[in-house]
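Chains as they are written, first to last, in my numbering: chain W, 7 to 380; chain E, 7 to 380.
Hints were generated in silico from the structure; no laboratory data involved.
By construction, the Cβ of each residue, glycine as well, lies at the ideal position given by its N, Cα and C atoms.
Any given hint could be a false lead.
As the list claims (entries may be wrong) - Computed, partial: chain E to chain W, Cβ under 7 Å:
1) T246
2) V324
3) P338
Protein chains: 2
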Amino acid sequence: MAVDLRDGVYIAATGVPLTLWWDGAVAAGGALRLVDQTRLPETYTILTCATLDAVVEAIRTLRVRGAPAIGVAAAYGLALGARAALAEPCPGAEDALATLATAAGVLRAARPTAVNLAWALERLLSRAEAHLRNGATVATLPQALLSEAHTIAAEDAAACRAMGALGAELIADGDVLLTHCNAGSLATAGMGTALAPIFTAHQQGKRLRVYVDETRPVLQGARLTAWELARAGVPHTLITDNMAAHFMRCGGIRGVFVGADRITANGDVANKIGTYGLAVLARAHEIPLYVVAPRSTVDLALADGSAIPIEERSPDEVRRVGGALIAPAETPVANPAFDVTPSDLVTAIVTESGIARAPYGASLAALRGKLSMA
Amino acid sequence: MAVDLRDGVYIAATGVPLTLWWDGAVAAGGALRLVDQTRLPETYTILTCATLDAVVEAIRTLRVRGAPAIGVAAAYGLALGARAALAEPCPGAEDALATLATAAGVLRAARPTAVNLAWALERLLSRAEAHLRNGATVATLPQALLSEAHTIAAEDAAACRAMGALGAELIADGDVLLTHCNAGSLATAGMGTALAPIFTAHQQGKRLRVYVDETRPVLQGARLTAWELARAGVPHTLITDNMAAHFMRCGGIRGVFVGADRITANGDVANKIGTYGLAVLARAHEIPLYVVAPRSTVDLALADGSAIPIEERSPDEVRRVGGALIAPAETPVANPAFDVTPSDLVTAIVTESGIARAPYGASLAALRGKLSMA
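Chain W with its partners taken away, still in its complex shape (with noise of 0.2 Å):
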């Protein structure tokens, strides 16, 4: 694959290029540029986003993904918002926050389940009204706001590094792992939540292999972890995913790394559609299950998974690959994207501030503490 990556951001540490990164140098005052990942593995296009609906549209279309990278954009998208509405002659302070409201419902709404979205977005919201409560005036907010957005990356990406440093310790020299899904570079302002153990492990010289599910519906793995995990230069292998369980038995699989949509407070996981079934496989093969995510996917209000309402996407997901019919085009379909792990298939979750593991209530709200103190 002739990729021409002289245009990107690497992470240094890996060698795999951001997926998104604010560029001062393109534009008026600088714009958000990201990897359009709809393109990926094929082609290895940086597009330009210079205004809220530029942004908008790439969070609408997918061309960004993955939770933590949503919430990234999305910030930096307001900041666009109030660069252009905020001009001179600035509005009041009240208009100034009300302009501000309408542009963040326009975010929310490209992808209305995406947390991580709308975490951001209140974020720089508060950032904002404070801001103005401070006595600042209406023209330096949009500063303000790209300054607030420049540090949910970079404690993104900080978040990432710890991930990986935690979670390399639980990889040995020589081990055969498998991930399932993207939770890498793609889906994240930094080096990835479960990947970031791998990456991190391989820096420090560990031999490693990787078995990588190809996730359909939406082959995450095939198109975009395998496509990390090369430019990383670690060994891997492509699979597809009913094949796990041959290679759990005959393979030497040692480990199972997987990220988190959210977390519950007893430390069920609800993630990507086929992390269970892997979850019940390890056990079956005496193998750990580690679940890496930052803490801010820990939603203690929700008791166990029962309670995580599993998102329906469109049969099409299913009966087409890449435009073409796969079955029947009536063909009735199931499209369930996650399912529900439950914690004592678990063996550990790993956070940028810890390692919870059982019993998960207590361990998980220590963690889940020191973000609330931060």
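Dock chain E against the given chain W, drawing on the hints supplied.
Positioned in the frame of chain W, the structure of chain E alone reads:
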């Protein structure tokens, strides 16, 4: 899907068309007709194979697939070869047998690993020798071979019906079932193996719902099984392979039905990749796993599954879907065509002569014995 099936031959019990049959009304003296499976589900095309070469081509390019169906196609192919090569003026008996042996070699090379293909050809060659040894003329040999091919096809169809009747007793009214790959009409000369109990239970008026694994990489479940179940009016839901565990937990699945490529003396089962994972998951969810296969699938010469070589197929089957690349072009891939399920995960093996259960050693030997007696 607008499919014109007027030209096909139906199995009355299911409404599913046969995948191959002899048609005396086409070509000079009849020809083998078969559904081009490479074009399903988008297009229902019936090919006419009036020559040995046409049959070889159809087998080689997977227009006909499924072990029993390939065996029947090869038998008709050899009969067609005999018709052309042994026409007036007839060769002598020895030359005729040499000609047939050459033709059988060409057919065997079309799918060198297909056991049923070799078995069917051996049976026709034995019939030819016996025919001439008994003083019959070379001129009558083509008709004798065609008759033997008809017998093989009829026996296969009868075995499917018997497996259907026996297996249907394992299915209760209201059951939700899961099947993998395609073990239906399109894989046999009758109503199938693993799908036969499902078709039969449906005909008996039992209300069923069947989850259909799409079965990556070749997607036989999505392309073929969903099509067959739709034709037969059996309610079904297509899922990606990695959803099976989720629906075992949340979808009320009460039984898993699969076919087999080979069954060893101790009851270990080689079948399409993914079967082993389903077996582990079924056990974890206390769901019975039923293997449905004709006695000829039982290979008493192999003590257990460790002796079965696992065929590794082209990496492009995984890297591509319908021609489109779904991963970086150079991604390392594993593509084992099947896996081995240890007999302790198999609830029962349904054959045309009876249902084998653990301990399988004695149970299978008794059933297999009925074949040698026959």
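Verification of the supplied hints:
1. T246: holds (4 Å)
2. V324: holds (6 Å)
3. P338: For P338 (chain E), the interface hint holds, since the closest Cβ of chain W sits about 5 Å away, which is under 7 Å.
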